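Colleague: Add chain H to chain S, keeping to what the hints say.
The primary structure of each chain is shown beneath.
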Amino acid sequence: MGVMVEVSHLKKTFGSFIAVNDISFSVNKGEVLGFLGPNGAGKSTTMKMITGFLTPDTGTIIVGNDNIAENPVAVKARIGYLPEGAPLYSDMTPESFLHFIAEIRGLRGAEKSRRVAEIIDKVNLGAVVNKPIETLSKGFKRRVGLAQAILHDPEVLILDEPTDGLDPNQKHEVRALIKDMAAEKAIILSTHILEEVDAVCSRAIIIANGQLVADGTPASLQARSPIHNSVEITLRTTTPEPINQALEQIANVKTVEKIDTREGCVTFRVYPSGENAPITDISHLARDKNWDVENLHVVHGRLDDVFRTITTQQAS
Amino acid sequence: MANIWVIFKRELAGYFTTPIAYIFIMIFIFLSGIFTFYIGNFFQRGQADLLPFFSFHPWLYLFLIPALAMRLWAEERKGGTIELLLTMPITMPEAVLGKYLAAWAFTGIALSLTFPVWITVNFLGDPDNGVIFAGYIGSMLMAGAFLAIGSCISAITRNQVIAFVVSAVICLLFVLSGFPLVLDFFSIWAPEFIVSAISSFSFLTHFDAISKGVIDLRDIVYFISLIAFWLFINAILIEYKKAD
Chain S
1 MGVMVEVSHL
11 KKTFGSFIAV
21 NDISFSVNKG
31 EVLGFLGPNG
41 AGKSTTMKMI
51 TGFLTPDTGT
61 IIVGNDNIAE
71 NPVAVKARIG
81 YLPEGAPLYS
91 DMTPESFLHF
101 IAEIRGLRGA
111 EKSRRVAEII
121 DKVNLGAVVN
131 KPIETLSKGF
141 KRRVGLAQAI
151 LHDPEVLILD
161 EPTDGLDPNQ
171 KHEVRALIKD
181 MAAEKAIILS
191 THILEEVDAV
201 CSRAIIIANG
211 QLVADGTPAS
221 LQARSPIHNS
231 VEITLRTTTP
241 EPINQALEQI
251 ANVKTVEKID
261 TREGCVTFRV
271 YPSGENAPIT
281 DISHLARDKN
291 WDVENLHVVH
301 GRLDDVFRTI
311 TTQQAS
Chain H
1 MANIWVIFKR
11 ELAGYFTTPI
21 AYIFIMIFIF
31 LSGIFTFYIG
41 NFFQRGQADL
51 LPFFSFHPWL
61 YLFLIPALAM
71 RLWAEERKGG
81 TIELLLTMPI
91 TMPEAVLGKY
101 LAAWAFTGIA
111 LSLTFPVWIT
121 VNFLGDPDNG
131 VIFAGYIGSM
141 LMAGAFLAIG
151 SCISAITRNQ
161 VIAFVVSAVI
171 CLLFVLSGFP
181 LVLDFFSIWA
191 PEFIVSAISS
201 FSFLTHFDAI
211 SKGVIDLRDI
221 VYFISLIAFW
231 LFINAILIEY
241 KKAD
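Line by line, the protein sequences are chains S and H.
If you count by my numbering, then the first sequence holds residues 1 to 316, one letter each, in order.
If you count by my numbering, then the second sequence holds residues 1 to 244, one letter each, in order.
The hints are simulated quantities; they were obtained by calculation from the structure and are not laboratory data.
Quick caveat, the model's predicted, so the values are computed rather than measured.
Hints are supplied without guarantee of correctness; some may be wrong.
[To be verified] Each pair of labels, with its calculated beta carbon distance range: (1) H:Gly80 <-> S:Ser283: 47 to 57 Å; (2) S:Asp167 <-> H:Val169: 41 to 51 Å; (3) S:Thr237 <-> H:Gly80: 52 to 62 Å.
All residues carry an ideal CB built from backbone N, CA and C; glycine is no exception.
Here chain H stands alone, though its shape is the one from the complex:
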């Protein structure tokens, strides 16, 4: 545990010693504002909720989270510091978790800085704050799942651009897996239960439920197990590809 905390601190501080943190936060807030107020028609809808705010999060995360995750392991590989880190008296799960949790906490910081939107909607109307809170929880969980994918993909390459593109594509598949485009591809050859399994893998399905205020244990289990799965693969990939 102590080692996870040490790695977590270094990693999180690392975001703030470079301009990455500030640029990321600025773009995140700027885009979520645009999505909410212009594309989401926040004002015209005349409803006191943050549905337009949250409904664009999957698309926002689609390219912002891989950008955040791409450096996690690819940078360690490129700089050779992976050798330094993994010859310290720590275990592989500690290294993977420490770095991952730092990136997740950073996303949390960025997400929490959207609080003016929450204040605005309370100022303008009388929203159900429980639903909004659930939306934030759901958004955080979804960001965690995107990050776990990004961290895992980042572990297989020393090239951050490759890490970014590949994890964005995989994230896109997870977002779209409830969409006909993806399902048609599988329904041609795969049995029905696989197709419905794939559609149940979609981020959108699970996120929509939570962001409407319905915190179902199954949705939470879905995101948590997805995170655990990708981080597990992440650790295995590093273990087997250390020498490259």
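Looking at chain S on its own, in the form it has when it is part of the complex:
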């Protein structure tokens, strides 16, 4: 419901370098779409085309009901954009800068002052509004960048690496801000921090070498991991062999791998033969055999591994 951004068959080349090659996707209202991909994969280029900074060689971009090729100003009015590195007019103060942005976004008079005050409050800039932007810390600068992007309450928010270079607390703040706004906007954010995808995105797209190689929920991407739904069991024993054999006898177990041995403990990874993790069977077996179990859990697979597998397959 409510497709806000529709991108189809986007292509962009710089000389002989193909930066973006036939990328299509759409984003609905209420969705937070994570753009993943190695550096130079084409994430930023795609965002620059959606925001109207770069013109695609071929392909169409429709934001709301406006085609960017026909009505770029209307499209830009619908979008709030935080470019990579959050560039700002550094000789201005956050206050004068935000007033400038508000005016160029068409806000005037009392409405303008109200919005600027509201945003300053929302992103916690109160303490620094009258200091030149160039003297602010990275965290504050990023907040000014975010403030200008959301100042006009856009339907579509495009954030290029919004948390890059921030400390963990600042990252948390920015993510909370994004989550807050998610319901009433369509948000696209690029990142190479995979935990961020888990934390804020409802959907993720992986781009490698200019091509779209995966599109799904973070959970469905995780499921692509080879170790997805395997069970890790750590037990205290000096004779791992019989245990290994016993685990392999379980009905829905495909293979068993010994992944770690230390301080008298052995860790096995048990791969399922079907969809479900065989954790119940293993725990029954452990109780029956009286194993000295230290740890037992299901592995969901790490997004990092999926990301690496997918993007390096692409390269080779």
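Modeller: Just chain H now, kept in the frame of chain S:
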């Protein structure tokens, strides 16, 4: 229109938040004083006009205006703010004009602060103030043409020094194009009408006429169309070189 005004205001205020504005104005007034009173022999001439004042303006602008214009787009490129500006709901002509007009208005402010010279000459004698006014108009138009060149060159680089040097050289060619040095270079291989066309491109030819009080429509058209041409190229260059 509204967007041009918003960009204009920010840009003009930008000159005054840094020392650029004050340094520029001080140097401009100081140098125009030196040129007028010492090199131009204002007093010794014994004539109540501002010819020595205006006749040095082309040379003064030659290096001061590129210094003013070099930051217009090069700074936006370097700081990445060009991406911010051009993803706002504005058109390219609005961005180019807003920034350009701010720089031009700033030049106007600097130029108008030379008013003590005008007062001085009125105090000492009985000048034709119409001619002096025409001189100011001409000077303003010429500054506008220098600025348009500077703005355009500033759009192709992120390096302000390169922008400065290249636009100073181009401005120099426009000033000198009535001079033998430049004309000889062309007269070797180019047909006569091109050579005379080049000489008619000289800032000096058109500025001299206006500063002597002769406001000819052709001179005004010359400067205005020169400004329009360079700003047009300016917009095209930004459009095609945005990704760099």
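Colleague: Against the earlier hints, flag every one the structure doesn't satisfy and list their numbers going up.
Modeller: none
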